[in-house]
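Let the sequences and hints guide you as you build the complete structure.
Each protein sequence line maps, in turn, to chains A and B. Residue numbers are given in numbering that gives the first Met the number 0: position 122 of the first sequence equals residue 121, and the series is strictly consecutive. Residue numbers are given in numbering that gives the first Met the number 0: position 136 of the second sequence equals residue 135, and the series is strictly consecutive.
Quick caveat, the hints were computed from the structure, so don't treat them as lab data. Note that the structure is predicted; figures quoted are calculated from it, not measured. There is no bait here: all hints are sound.
Over 12 Å on every C-beta distance to chain A, these chain B residues come out as not near it, computed from the model:
1. E130
2. R131
3. R147
4. S156
For each label pair, taking beta carbons as the anchor points, the in silico distance ranges come out as:
5. S158/B to K186/A: 33 to 41 Å
6. G129/A to A87/B: 22 to 30 Å
7. L25/B to G274/A: 39 to 47 Å
8. P179/A to M153/B: 44 to 52 Å
9. A240/A to E157/B: 54 to 62 Å
10. R19/A to R147/B: 29 to 37 Å
All C-beta atoms, glycine included, are put in the ideal place defined by N, C-alpha and C.
So you can see what is in the structure, the chains are spelled out below.
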Amino acid sequence: MNNDDFLREHAREPRPEFARDLRARLRDLEPAPRARRAAAWRPALAGAFALALVVSAFAFPAVRASGQAFLDLFRVRNFAAVPVDFKRVKQLDDGHFDMKTFMADRVDTLEAPGQPVFFTTPAAAGAAAGLDVAAPSFLPRGLVRDTIVVERPGSARVTLDGARLKTLLDAFDVKDVTVPANLDGAKLTVRTTPIVVQHYASPSGARANLVQARSPEVSLPPGVDLAQLGEIGLRILGLEAPEAHRFAQQIDWHSTLLVPVPTDAGEFREVTVNGQRGLLITSSEAEGGGARRHGPRNMVLWADGQKVYGLMGSLGREELVQMANSVR
Amino acid sequence: MASGSAVLGRVLTWAGAVRATDWDALYAEQLPRVYNFFRYRVGPDAAEDLTSITFERAWRARERYDRNVAGFSTWLFAIARNVAVDHARRRKPDVPLDAAAEVAAQGTAADAAERASDEARLARLLAALPERSRELIALKYGAGLTNRAIAREMSLSESNVGTILHRTIQDLRAGWDGGTEDEQR
Numbered sequence: 000m001n002n003d004d005f006l007r008e009h010a011r012e013p014r015p016e017f018a019r020d021l022r023a024r025l026r027d028l029e030p031a032p033r034a035r036r037a038a039a040w041r042p043a044l045a046g047a048f049a050l051a052l053v054v055s056a057f058a059f060p061a062v063r064a065s066g067q068a069f070l071d072l073f074r075v076r077n078f079a080a081v082p083v084d085f086k087r088v089k090q091l092d093d094g095h096f097d098m099k100t101f102m103a104d105r106v107d108t109l110e111a112p113g114q115p116v117f118f119t120t121p122a123a124a125g126a127a128a129g130l131d132v133a134a135p136s137f138l139p140r141g142l143v144r145d146t147i148v149v150e151r152p153g154s155a156r157v158t159l160d161g162a163r164l165k166t167l168l169d170a171f172d173v174k175d176v177t178v179p180a181n182l183d184g185a186k187l188t189v190r191t192t193p194i195v196v197q198h199y200a201s202p203s204g205a206r207a208n209l210v211q212a213r214s215p216e217v218s219l220p221p222g223v224d225l226a227q228l229g230e231i232g233l234r235i236l237g238l239e240a241p242e243a244h245r246f247a248q249q250i251d252w253h254s255t256l257l258v259p260v261p262t263d264a265g266e267f268r269e270v271t272v273n274g275q276r277g278l279l280i281t282s283s284e285a286e287g288g289g290a291r292r293h294g295p296r297n298m299v300l301w302a303d304g305q306k307v308y309g310l311m312g313s314l315g316r317e318e319l320v321q322m323a324n325s326v327r
Numbered sequence: 000m001a002s003g004s005a006v007l008g009r010v011l012t013w014a015g016a017v018r019a020t021d022w023d024a025l026y027a028e029q030l031p032r033v034y035n036f037f038r039y040r041v042g043p044d045a046a047e048d049l050t051s052i053t054f055e056r057a058w059r060a061r062e063r064y065d066r067n068v069a070g071f072s073t074w075l076f077a078i079a080r081n082v083a084v085d086h087a088r089r090r091k092p093d094v095p096l097d098a099a100a101e102v103a104a105q106g107t108a109a110d111a112a113e114r115a116s117d118e119a120r121l122a123r124l125l126a127a128l129p130e131r132s133r134e135l136i137a138l139k140y141g142a143g144l145t146n147r148a149i150a151r152e153m154s155l156s157e158s159n160v161g162t163i164l165h166r167t168i169q170d171l172r173a174g175w176d177g178g179t180e181d182e183q184r
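This is the structure we're talking about:
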């Protein structure tokens with residue numbers, strides 16, 4: 000007999016009825032099939048969001064510092080919604096184009112983020128993340144906080160590749176733009192700061208996630224005029240040339256994060272959250288699909304100069320904005 | 000490179016990224032491990048309840064889970080460990096774990112019958128362990144984690160995990176053999 004056999008023999012298979020009942024309860028927590036249409040635009044939005052992040056990163060104006068090779072820096076202070084064609088965005092998730100695969104061998108990890116860490120109190124999570132964790136005082140529909148997670152920071156360096164960007168443009172049938180030659184080989188660094196996610200749930204199935212962090216940062220080498228790349232990115236997202244040009248001229252690329260909103264699956268409007276300009280994005284089925292089990296999927300994004308916040312969940316628009324306004 | 004993508008993937012948290020995952024397969028694979036983690040960590044009586052709590056928390060949070068399947072186990076056991084801590088915190092005012100063996104040893108007829116069971120005997124030995132040693136045993140023999148994975152999970156060195164486990168197993172073995180001898184007399 001091995002020395003630890005007496006320990007190994009203590010393990011048991013769970014009772015079959017326990018395993019069956021628990022799985023059934025978990026299925027009850029899963030979205031009903033009829034909610035899929037509304038949920039479908041979320042991953043599409045996520046894909047577009049990744050693209051938009053890169054587009055934003057590409058699109059800094061030229062650095063005008065003389066002689067000093069410091070890095071230009073981007074921090075999120077504002078959000079701008081970009082209406083995009085849902086079918087176009089959907090291509091990102093249908094295998095037509097995969098941003099991560101596309102960039103795979105051009106990304107070097109500088110700091111691996113590791114696994115998320117779970118906490119039982121906002122204070123403990125805040126201590127781990129180095130943040131004063133804010134929380135909402137208004138919790139509609141019987142929501143209670145049930146999980147707090149801290150996503151650890153990480154950083155990666157992306158080496159830009161002019162030929163691949165051209166391939167990307169071709170994939171989206173954008174033929175009338177030219178990729179600046181001096182972009183090829185430029186390196187940008189993406190740093191994600193610790194992110195605190197508080198998850199709220201109610202017995203009736205309502206859910207909300209409050210996400211907060213210092214802004215992710217993207218730094219770029221100087222000397223490359225990348226302003227027109229913002230315009231290129233907007234073209235990739237499906238905007239016509241004049242519209243992309245006008246939009247690109249209006250945006251402060253140093254502080255504005257583009258959020259693509261598929262026009263036939265969602266809509267957006269500006270809202271005020273704690274005195275700051277915020278962006279409310281709603282599923283187009285949000286308020287009308289009364290029979291849906293988990294209700295609408297809406298999102299509010301805002302920043303207060305110190306942190307960036309996202310509140311998303313199966314709540315009505317007004318409830319979500321009210322909840323966001325109670326975050327202190 | 001994979002973790003390079005993970006860095007970019009973190010940003011997707013803002014948009015609630017969802018990765019298609021075979022939750023049925025994960026459930027079937029992880030349920031026995033989580034259940035047995037709790038059997039070793041807190042005892043068989045509470046194992047089902049705490050397993051349920053762990054999976055329900057994980058299920059509610061799973062939309063935020065955007066990592067590979069190999070990492071799912073680590074994520075799930077991070078939840079399970081928190082659930083165990085909450086459970087211990089609730090129970091401590093009533094029955095300190097260090098005193099559990101002593102309480103169980105005070106004999107009624109029912110206690111004597113219980114002691115005859117190997118399961119109850121091992122449960123008493125485990126209950127008498129320091130918290131960290133018991134958690135290591137639970138992760139090793141209940142969850143089936145490697146020493147390396149345990150080291151990562153508990154922020155210890157792998158050699159430290161090996162040393163603590165070795166000593167703990169020796170102590171448990173001595174208690175186990177001693178109990179057997181007592182019963183044989």
